[in-house]
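Asker: If you want the building blocks of each chain, they are given just below.
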Amino acid sequence: MAEWECSSAELERMCTLFSALFNRFPAGGVLVDKEGLIREANLAFCSLIGCEPSQVVGKSIQDFLHEEDRSDFLARCPALFRQAQEEILELRLRGTRQPPPRVRLQAGRLSLSGEPKGTEEADYLLLTFSEIDERGASEFALRNLLGEYETLFNGLQDAVFLIEVGEEGEFRYLRTNAAYQQKIGVTSERIRERTPAEVLGPEWSAEIRDHCQRCVESGRPVAYEQTLDSPAGRRTWLTTLTPVWSAGRIKYLIGTSIETTEQRATQEAIRQNGQRYRILFENLMEGFALHEMIWDENGKPLDYRFLEVNPAFERLTGLKAEEIVGKTVLQVLPGLERVWIERYGEVAASGKAMIFEEYSAPLQKWYEVRAFSPEPGYFATVFIDITQRKRWQEEREQLIQDLQRKNSELSQFTYTVSHDLRGPLITILGFLTFVEQSLEQGDVEQAKADLQRIRFAAEKMQALLEGLLELSRVGRVLNSLDEFPFGEVVTEAAQLLLGNIRHQGRPIEFEIAPDLPVVQGDRARLSQVVQNLLDNALKYMGEQPNPRIEIGWRDAPGEFLFYVRDNGMGIDPSYQDKVFGLFEKLDPRTEGYGIGLALVKRIVEVHGGRVWAESEGRGKGCTFWFTLPKVHRNLS
Amino acid sequence: MELKQQQPIRILLVEDNPDHAELIHRVFRSCLVGNTFSHVEDGEQALAYLDREGKFADDQRYPYPDLILLDLRLPKMDGFQLLERIKSSPCHRHIVVIVLSSSREEVDVQRAYQAHANSYLVKPFSVDEMTEVLRYLGLYWLKWNVYAKRRP
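So the protein sequences, as listed, match chains C and S.
So in the numbering used here, spot 324 of the first sequence is number 324, and the numbers just go up one at a time.
So in the numbering used here, spot 37 of the second sequence is number 37, and the numbers just go up one at a time.
Hints were generated in silico from the structure; no laboratory data involved.
None of these values were measured; they are calculated from a predicted model.
Check each hint, because a few of them may be wrong.
Listed next, with one range per pair, are the computed distances between beta-carbon atoms [as the list claims (entries may be wrong)]:
{"no.": "1", "chain 1": "S", "residue 1": "59", "chain 2": "C", "residue 2": "552", "range": "43 to 53 Å"}
{"no.": "2", "chain 1": "S", "residue 1": "122", "chain 2": "C", "residue 2": "407", "range": "22 to 32 Å"}
{"no.": "3", "chain 1": "C", "residue 1": "552", "chain 2": "S", "residue 2": "8", "range": "57 to 67 Å"}
In silico DSBU-like links for lysine-lysine, alpha-carbon gap of 35 Å or less [said to hold, decoys possible]:
{"no.": "4", "chain 1": "S", "residue 1": "143", "chain 2": "C", "residue 2": "620"}
{"no.": "5", "chain 1": "S", "residue 1": "55", "chain 2": "C", "residue 2": "300"}
{"no.": "6", "chain 1": "S", "residue 1": "87", "chain 2": "C", "residue 2": "578"}
{"no.": "7", "chain 1": "C", "residue 1": "406", "chain 2": "S", "residue 2": "87"}
{"no.": "8", "chain 1": "C", "residue 1": "460", "chain 2": "S", "residue 2": "149"}
{"no.": "9", "chain 1": "C", "residue 1": "448", "chain 2": "S", "residue 2": "55"}
Beta carbons: idealized from backbone N, C-alpha and C, even for Gly.
Build out the structure end to end from the sequences listed, making use of the hints.
Answerer: This is how it looks when you write it as structure tokens:
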């Protein structure tokens with residue numbers, strides 16, 4: 001018993017310590033004796049029931065228990081005094097607090113003689129009350145919350161599923177919501193506790209497992225799109241897996257799947273449409289360009305910027321997209337005509353489409369342009385290169401002009417011919433009548449004279465017809481195209497005319513330039529030209545006492561100029577063009593029928609040259625000029 | 001039938017083809033006796049004739065005409081140019097000008113009348129026709145037509 005023999009001071013100190021501990025104990029503590037009377041109560045208990053310690057000590061514990069729980073407690077009390085095991089009871093206290101606090105009660109047996117052994121009845125019970133109201137409330141709230149979550153979970157339109165990540169890294173479905181079951185067509189029961197492979201088959205599950213794996217490894221949400229042949233049909237889903245951490249590892253994955261079947265279909269359609277337009281844009285034969293108009297502060301169009309151009313644009317303009325997009329047209333083509341900018345300014349401002357044809361000097365091309373404004377301030381152009389078409393048009397117009405000229409020449413020719421052939425016919429027919437009359441009257445001399453007229457008229461007609469034939473031959477074909485020294489032709493022609501080299505008994509002075517060039521052309525025809533010009537010069541030498549003929553040439557760009565100059569009668573300036581007309585003769589008394597110079601003109605023109613006459617007037621001589629191109633174009 | 005006016009009518013033929021000139025002269029002689037007939041070969045001569053230049057100053061040999069028979073196709077100055085010159089001349093435009101051409105072309109006819117030709121005749125192929133043409137021409141222009149006096 002020595003250990004009990006401690007000083008009263010020591011005992012008192014122990015009591016104080018115990019009391020302090022007891023009072024500071026966070027749970028409510030009460031010491032109850034066998035009669036159920038409270039011998040000690042700590043502050044926590046007092047605060048549980050809302051009373052002062054003085055109001056509690058000495059009272060029966062029953063007084064502080066809720067009426068409904070009292071009998072239950074009393075019934076268990078004897079057992080509590082005898083049972084070694086600590087029993088936990090839940091009950092409500094009774095005090096001033098409303099609602100009565102709900103507590104968890106633990107009972108500890110105490111005996112004055114020491115630790116109670118076996119079922120030995122203890123002297124006291126240490127009852128500790130810990131309030132469970134809060135916990136209860138939170139459990140209730142949790143239940144409520146779970147209910148709400150459940151509602152939310154199942155009410156979601158998105159399919160939601162929960163996957164458990166096993167210790168070994170395997171994945172199993174835990175839960176799915178109603179939408180999931182409805183949309184995927186798999187019931188919760190079928191899917192629970194199963195692996196993706198079991199639910200979806202090996203093909204898809206491998207993919208899902210990969211995504212899950214990725215999510216677990218990265219520790220971040222993973223999204224993927226998947227088209228599944230589920231029992232509900234082929235669907236496309238956009239699924240997001242979100243990792244849920246627990247106890248230092250990812251224990252769950254929450255998956256949410258949004259159906260994107262229609263979206264995908266629309267997107268696909270848009271993509272295909274877009275692609276179709278892109279293909280159209282890329283393969284359009286027409287150039288296409290989108291521009292932004294630039295105005296000055298007064299709203300006057302200044303310039304425009306290239307926003308987008310297609311490959312045809314590059315092909316048609318020779319401008320490269322990467323070099324011009326983002327730049328303004330005046331940066332790209334500083335020499336561009338104002339008319340382009342003004343036209344486009346009108347389109348961009350008014351929104352009115354426009355079609356026009358215009359030449360671009362910097363690009364040296366003709367374009368046909370359709371311009372329109374997709375939105376204010378912007379304009380687009382669709383255009384084609386019509387340079388070739390324009391060229392053809394010009395060629396066609398040239399051709400038409402040529403044809404018209406030829407046609408009018410022809411009709412002039414027909415007119416002249418029919419007119420001039422009628423002349424001798426009138427003579428022949430007219431004088432035949434006179435001849436008849438003369439013969440009737442026996443005037444043979446007169447008849448002979450008139451017959452002579454008839455003969456000359458017939459000869460003239462023959463000459464005219466031959467001339468016509470010659471002329472038409474010249475107009476049709478050139479025999480061959482040779483290269484020869486022009487001097488040869490001149491010498492030959494001069495020799496052919498040797499018989500005429502004396503003019504009315506006077507010798508003619510011939511001067512031929514020694515350096516006549518080599519020309520291209522129909523040798524025989526060009527020889528005719530020289531012969532006819534020389535013949536003409538001799539014919540119109542007139543009363544010149546010192547007849548002189550000079551043949552020379554000049555060099556000019558692209559052509560040679562030749563001339564035949566005489567010092568004969570000359571031509572009145574007003575008739576200088578007329579001399580080349582068919583059957584035109586300035587002097588009816590000279591020999592010939594007005595064919596020679598017409599022939600000269602024809603031959604020279606067929607060679608692509610020109611011919612003209614120069615004379616200062618009558619008695620002042622005459623110079624006939626003609627040109628020959630140095631290089632011939634198509635001579636047919 | 002011979003045609004005669006109180007006053008003889010003076011005719012000037014402008015014709016470059018000597019055969020045609022001879023033809024017309026002969027036909028004229030055969031049916032239009034009593035009138036005077038002169039002939040020049042081209043437009044320049046015709047103007048000189050009208051303006052009484054050079055040898056044409058001789059009024060006896062080259063009487064100033066009341067009527068001109070004009071061929072259109074002439075060397076140098078052609079018939080149209082001559083016609084225009086005559087009809088734009090205050091002195092000569094009163095003269096009756098009858099075109100006698102081998103052309104039937106519409107352009108020629110048009111142009112002749114535009115230049116105030118008084119009549120347009122096509123040279124016939126036969127002498128008989130030519131005779132007939134000149135006879136009727138004579139009947140009208142030489143017998144009945146009243147001429148303006150030459151302006152001083």
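Asker: To test your reading of the hints: which numbers does this structure violate?
Answerer: Violated: hints 4, 5, 8.
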